[in-house]
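Enquirer: Chains A and B supply the protein sequences, listed in that same order.
Per the numbering used here, the first sequence starts with residue 64, numbered consecutively.
Per the numbering used here, the second sequence starts with residue -17, numbered consecutively.
Since the hints were made in silico from the structure, they are not lab data.
These figures come from a predicted structure and were not determined experimentally.
A couple of the hints might just be wrong.
DMTMM-like mimics (lysine to aspartate or glutamate), calculated; alpha carbons at most 20 Å apart, straight line [unchecked claim]:
id, chain 1, residue 1, chain 2, residue 2
1, B, K599, A, D98
2, B, K270, B, E28
3, B, K599, A, E103
4, B, K83, B, E111
5, B, K789, B, E492
6, B, K877, B, D857
7, A, K68, B, D900
8, A, K109, B, E618
9, A, K68, B, D801
10, B, K229, B, D109
11, B, K599, A, E90
From the derived model, a few chain B residues whose C-beta atoms are all more than 12 Å from chain A [what the hints assert, rightly or not]:
id, residue
12, G117
13, P164
14, F184
15, E509
16, G513
17, N531
18, G594
19, N753
20, D755
21, V786
22, E838
23, E867
24, G919
By construction, the Cβ of each residue, glycine as well, lies at the ideal position given by its N, Cα and C atoms.
What follows is each chain in one-letter form.
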Amino acid sequence: MSHEKLTRMANQIASFFATQPGQDQAERVAAHLNDFWGPEMRAELKAHAAEDDSDLAPLVRDAIPLI
Amino acid sequence: MKDFIIPWNDRDMGTPAVEGAPVTLTVDGFEVTVPEGTSIMRAAAEIGMSIPKLCATDSVEAFGSCRLCVVEIEGRRGTPASCTTPVAEGMVVRTQSSKVKKIRRGVMELYISDHPLDCLTCAANGDCELQDMAGAVGLRDVRYEAPENGSLINHFEPRVGDQPNPEWIAKDDSNPYFTYDPSKCIVCSRCVRACEEVQGTFALTIEGRGFDSRVSAGGPLDEFLTSDCVSCGACVQACPTATLQEKSVIELGTPERSVITTCAYCGVGCSFKAELNGDELVRMTPYKHGEANRGHSCVKGRFAYGYANHSDRILNPMIRDSIDEPWREVSWEEAIGFAADRMRGLQETYGRKSIGVITSSRCTNEETYLVQKLARGVFLNNNTDTCARVCHSPTGYGLGQTFGTSAGTQNFDSVEKVDVAIIIGANPTDAHPVFGSRLKKRVRAGAKLIVIDPRKTDVVRSAHIEAAHHLPLRPGTNVAVVTAMAHVIVDEKLYDETFIRERCDWNEFEEYMEFVRDVRHSPEMTEMLTGVPAEELRKAARLYATGGNGAIYYGLGVTEHSQGSTTVMGIANLAMMTGNIGREGVGVNPLRGQNNVQGSCDMGSFPHELPGYRHVKGDEVRALFESKWGVEIDPEPGLRIPNMLDAAVSGSFKGLYCQGEDILQSDPDTHHVAAGLAAMECVIVHDLFLNETANYAHVFLPGSTFLEKDGTFTNAERRINRVREVMKPRNGYADWEVTQLLAKAMGADWNYTHPSQIMDEIAETTPGFANVDYAMLEERGSVQWPCNDAAPDGSPIMHVDGFVRGKGRFIVTEYIATDERSGPRFPLLLTTGRILSQYNVGAQTRRTENSIWHSEDVLEIHPHDAEVRGVKEGDWVKLASRSGETSLRATITDKVVPGVVYTTFHHPDTQANVITTDFSDWATNCPEYKVTAVQVGLSNGPTEWQREYNAQADRSRRILPAAE
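Same shape as in the complex, but just chain B (with noise of 0.2 Å):
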């Protein structure tokens, strides 16, 4: 297996790729067949030539503003720039004749004129193609100089002579990451046009005209910190020079080897270069052929790598006999000794289902499946589940149910080909942010949006574009808005009856518009339940149904209700009626949270559930596992995360293997968490950090970052991308090797190498993954499961020709309100949900500079709710539910309706999870995060019960020094 990648052929072909009938030129005598308006300058770049060129990139349109790139045409007059003509039949292109050479080393002199001389300190050296081009073009002197004392000095003097320069503008380091020297800059415009074609925030602009033309981010005022940037880092990428450059390669150098990897961020699953000098990361960049993301990036991914290397980090193993001790550092043997130990102890104590794991979906397949084996292969028993449990397990049930496997239908090309995409309960442009990139981009090229959200996200309104609907909806009452859709769609006969009869039971489908017909279903009667104007919603209803290709995005304001899994078949119905499946532009797109959480559910992680979506009590793939682990597998389903800690607490649960995830952070009614892990026995913590569920741990096993070893993520597509191995593990040993050292503890006979014979089981063990392994993956760089004999180079669309079940099954969904209701002593609703800079609990970016965007959780609360409170911007406020309470600052802002709430829980000094009750869905269980009912009230400060939480977390966290 080879360690180091060298990248993939990615050069720069100068403009973008389009699709067009095939056209034939010649460039310098060699004939080129290319697609029709191509320019000449990809057209040559095909054949190896590279025309010079700055002010072009293949990452956004051709500007045609260097003049450095002209050639000659045959029958035509002048010398047109080569990335703005586009490619003719016959034409005949000279790209070096002496004419152009010369007009180039005219055009370079003119740019280096202006253009500092200090390439052997700068940071862009041999990283820079100014200086490039120089070269190419064969500059060999610099002829002009600035009138004294005129007005046309040069940019990048601080002073000249003795007198200040006016025309030089100081460096901006605002941004945590990356700097804005304008002395460097040549007004290319690449990183204007990024920001705009790339990212869609359009923060950046030319301000002034000829030699006053300058680049700037956001008003006169704004440096980059205070202006919309993002700091996407799409800026960065696509400047010539070392005007925006990183600060890690102005503090460590241009890196000199370059490995591609998986971010290990969001669902979106970008692919990325880890850009290195030896061991030493230098940065990450996104790598262009990545099929998630195209080139680009977000600020986690791109920057937000440096928690790696945080003091925080823990290396060495630790355990300690009850919980009030401080942590003793031992031997990798002695904690793995312990741990097996008292696993062991308690299985012979309190009965072999006394204990269990938690998979993470930060972690790679390959350690996933082998937590599940773990459980199910070593503790004999079915106790494993995983975060999914409270993110997207209701869209396990609801596309099982209905389309008959649970995955999103799409690959995220499809996106370019959407006319009306539905955004449900999701905030791309946050949460998702390559996504949402993208999403934009198509709806400034003419598709249209309807938002379904009870806050007013960057979707509905933002920079160039609009939604055509937003249908502000009372949180709790998805399913009533959803089937108002659906009564609008068949009360209008604008549903696809072809489609239908042939994909779905008609039968089914005839029941199913008896019940969605009835008027309770109208959205005329449902206005006053929703809060959502019926007229609107009638309109957004049409527009989904007979706009073209109609998409439905959703991610978690979806899944976290009492009604998720019902919300979920009543889009899949959506979808079935309109025959919006089984091709591009259209589909069911669940947006997952984290990197690899569609890869811990295929992996078998769900207590009910074999890797492969395949339940227990199937007596065939029991026995396929059984014969291949050598043991007897238990028919029948293990507990899930709240199941565990019910048991936890009346006694039966006792022991807790959790790798790579916070669940006394994370999951809802944070008491009824601790209590749980305050009842067990043994639990045992494998992270990067001391998180908030180690307060309650006997063991503690370091983790290995993303960066530190091989595997394999699966993105919200389905995509099995690989992760690289770019550094060795700094605690010693990668995560899927520790949890082999504790099966063996146990007595398990295992003996992995590498993960990619771990792979090879999971194909050997599971239709889906039959063709995948690592040699595929390298030479193909990501596929798309089902990968196996019926589609061997995957599936980047599913249910193309049938739905997996079969006939796709329309399924009533009634509308039945959560218990949790507003009240006199709670009468506001407070929903959650993450923001751009922070990530889930936070563990990883709360260590990185990103937390100079978001240092603390805000509550969102409306000027008219907090007029009547009396809260001003910045107090503190208290928050509180049934179930407890916490304080943190409002901010007020119309972003939320009146009756509504909003934070975040990224930060465990706030522990927005006190708030949240232990409501969840009916089939899945998963938490009701979305609905809570609550009251704000001033405060002075931090509750009572967050003093006592941050001290008992202080007190929990002390280490002991090694003994020697």
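Here chain A stands alone, though its shape is the one from the complex (with noise of 0.2 Å):
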């Protein structure tokens, strides 16, 4: 899948737990993609970010190790 794509997906998560009360964030934009995104496309998203997480939001690279 492209990486544009994945990135605007994993994003527009972010961008709903960002504006959710609480310090838990990232591990809520986790455990959202642990549950509904399968494990190719969750290791495509951590390939991407290893190689260059600069288009990703804050939310999202907070997230990466816990997925």
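From these two lone chains plus the hints, build me the complex, please.
Expert: Here it is, written out as structure tokens:
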């Protein structure tokens, strides 16, 4: 899948959890990705982040180690 | 298992049932106790006495015009009509005195004197109440003759002597499904009242007075087709004679047997009687004990079943090596073997996860269960998804997060107790017509209506109803509007503190209040963004919070947005903060698009959930299915439809079994879908017709219609309704049998011999279905899940004593604008939807006479937007977005506001989804169909792309004759 699309989808998820109260937003982004994305998509996102995470939202970056 | 069902008692009781304190009276000496307000006619019917009647029927209020049902009451003068006279305590009624018998015979004699005596050749012969009543009152002679050359000739002879009869009116056969023959009309007004009371369209009226009274559709120059008539069939159902008669009965004769079954169109899930001779279907009539529809129907379920016999229907399996070849008709054995070998081969070459399934929301629960079982138990992966992905997946997520389960909270009967209804992003009179009629009836009885929709839909204002508030928001701003309503309710302290403290987490609500109180959520601040006048929004919020029972009904205008799930949560917040949950007349009600979209979700069609909405990561639930199926289930979620297509384009997803869904036409960004399908090496389409997706298929497995199989559908109110085999499958196999054949060819040991066994397996594994089986459905008709030991009679209303998740959860709903924005190149916003006569991709309805009402998709555009572009009514226009372009004809209307255009997606020639983008809901990837930035300009006709598409489709649909 294209990086742009994965990035866009992940950032979109982060944009919701960023508005939520509490301190565990990154955990919740990771939980959402773990629950709804297949392992291949998660692996692709992680690989992309390892290469260059400049286009990822800060919350996605924080969530990467948890997925 | 019984194959054919004799309908439960559906005798006409004469007048509608009422609720009230018990009243006891005697009828011909027999004592009967009925609710106060019941008519004498109905009381008599309760003890099996049918008082003769013509103008009364229990679907409409009594009218008292025919005077055939007169009775005598001890201590009262005269002979009152039993249909309009309510019972009283101790009343003594005589229904068969010599006096009333004489009156009835006189009345009948007058009726018959102006009625043709062609009973033997009449289409209603044997099914005519006038005929029955003439018999019941013992009419033996008609003494009246019209005065020669006088004015009172008769209404039924075209000519009298050598002169044309001025009173005679020719038959109106403009409607494709029924005729209106004025010569047989007895002017009982049942049709007029059905149109008003049951359907709520007010298309019919009685013109003239006395002998000149005639039923008339629309104005003086109208016929049925050009009038406001929506062809729901309520008038035909109510007509006691052959005046309004189904054309199918005229052609095929009166049916001799009937089977109760469930409609396969929208999520209302109406119960119908399929009436037949042998295995020839003569007509479908709404079943009055159907608890979703209560005897009503719409033009689709009532009449649009002809697709089952359409010449386009494919009855033989077909295969081909590549999609540029023509199809080859082969035996079932060869087709299944070919498909199984290819799918197994793909898994060997590209891995276990390289193939998947799409389950159908049009097929039964049992069939859907088997298709997801095929993925999990035979393919050994979780690559299963369903078209709910593209409609109500945000409902699943949003309501699951807030209430704890992803289902509508009410039954449809609940609408009868509603005081204030909010309709958001739904157009019930077109897309859920029977519910629309029930809603309109309640509104006419005084309930208030708030409509939140960019378009001026029919519920905003039509005959005898008008919304108290219409909030015409800019597409894509749902969250801002819903949150602004919450702001008003919190700001003005209109929330229900007792309910929140009891049923939700007060601390969470305080956090939520802090968020929503912020001035940025006030209607005054959001007005610039949403286009909704602040004062109107404030009034609407106040009305919902304080107007009594408040119910929210919503549709795909809520879910199909990049913030679809957030809006669903916002709706749940509104219901919780006003205490509108857990009793009749309130609740959150998603109006489901397809007949079994609720069921397909329940049955574990999603890649992350096993049946009963249980995540695949749960060890316990996996163990349950593993022990039952004897396989190991993948604990990781599989691919969703858009992910499958993306993976296909990038080369890792290679094979798809798609049952009863046309993703090429229905899913967004057609170019992308086509590229995904073209990249796959084995696409198996299991359908009635060579649909658009089949253009890219290698195997075509013919499907069976809902008339040809047993099973169950679950409608929008969680009602599990039986689908019954009315006739044998024309293609040879019911769909569940085809899936089983494929599974067996791939090595599975499946041996179901009847769908009831599949339901038994569902009940064993899924807690909400624990007590459901066919024997129970046979006895009760239908049941709403959850149905288990905790709720043995099912659950008409959910969250009665507490939320499924325990405490209701308030979730912060911040508005985040979609990336899809209008700008200089694409200045207009396109939103899409359905219309009454067509259904989704139109595969069924386009192959019926329904096309007379809608033969092509048209673009609705506001006069201002049309004028600046030089567009006139009926002009061809090109509609372009960042994704693609298509062309269609324009219609100019103020139903849409300036800046917004609208079209439907029923026709593959238009392919509205070439325009829609691949933006989607953040939580579920439900596509953002409802907002696309577009430009509209004049055009000469179909675009290059449309011509190429049609040429490719034609090439792809070639079929070689079967080799002998």
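Enquirer: The structure should be examined with respect to each hint, and the outcome stated for every one.
Expert: Against the structure, the hints come out as follows:
no. : hint             : verdict
1   : K599/B to D98/A  : holds, 8 Å
2   : K270/B to E28/B  : holds, 16 Å
3   : K599/B to E103/A : holds, 16 Å
4   : K83/B to E111/B  : holds, 18 Å
5   : K789/B to E492/B : holds, 14 Å
6   : K877/B to D857/B : holds, 18 Å
7   : K68/A to D900/B  : holds, 9 Å
8   : K109/A to E618/B : holds, 16 Å
9   : K68/A to D801/B  : holds, 13 Å
10  : K229/B to D109/B : holds, 14 Å
11  : K599/B to E90/A  : holds, 17 Å
12  : G117             : holds, 66 Å
13  : P164             : holds, 61 Å
14  : F184             : holds, 45 Å
15  : E509             : holds, 21 Å
16  : G513             : holds, 23 Å
17  : N531             : holds, 31 Å
18  : G594             : holds, 16 Å
19  : N753             : holds, 30 Å
20  : D755             : holds, 32 Å
21  : V786             : holds, 18 Å
22  : E838             : holds, 33 Å
23  : E867             : holds, 22 Å
24  : G919             : holds, 29 Å
Hint violations for this structure: none, all hints satisfied.
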